[in-house]
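K.L.:
Sequence:
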Amino acid sequence: MVLNDVYAMKTRNVREEVKLLQSKIEKIQTRRTTARDLLLSGTIEPQECKEIKTRRDQQLASFEG
Numbered sequence: 001m002v003l004n005d006v007y008a009m010k011t012r013n014v015r016e017e018v019k020l021l022q023s024k025i026e027k028i029q030t031r032r033t034t035a036r037d038l039l040l041s042g043t044i045e046p047q048e049c050k051e052i053k054t055r056r057d058q059q060l061a062s063f064e065g
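FYI, the numbering for the sequence shown is 1 to 65, going by this note's numbering.
If you are wondering where the hints come from, they were derived from the structure by calculation, not from laboratory data.
Just so you know, not all the hints are guaranteed correct.
[Unchecked claim] Straight-line distance between alpha carbons at most 20 Å, and here's what the computed EDC-like set of lysine to aspartate or glutamate pairs gives:
(1) K19 with E48
(2) K24 with D57
(3) K27 with D5
(4) K24 with E64
Throw the hints in and build the complete structure from the sequences for me.
P.N.:
Have a look at this one:
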């Protein structure tokens, strides 16, 4: 029983961490999409969109490392 409890606790923590990372990645991807939409609508300039994309790509890369 004790071993099962420890295993359940450790895997729960991992699952929670995975959900948190997935949520952060989704937010970053949404922000990239929003920047593209703003570019297409003429609200922001191409350079601004490129800067946003670069920052978001760096954030995504930090999750891979």
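K.L.:
Now tell me, hint by hint, if it's right for this structure.
P.N.:
To see whether the hints hold, each was checked on the structure:
1. With a CA separation close to 30 Å, the supplied pair K19 and E48 exceeds the 20 Å bound.
2. Between K24 and D57, the direct Cα distance comes to roughly 13 Å. Compliance with the 20 Å bound is thereby established for this hinted pair.
3. This hinted pair does not check out: K27 and D5 have alpha carbons roughly 33 Å apart, beyond 20 Å.
4. Between K24 and E64 the alpha-carbon distance is near 13 Å, which keeps this suggested pair within the 20 Å criterion.
Hint compliance for this structure: hints 1 and 3 are broken, all remaining hints hold.
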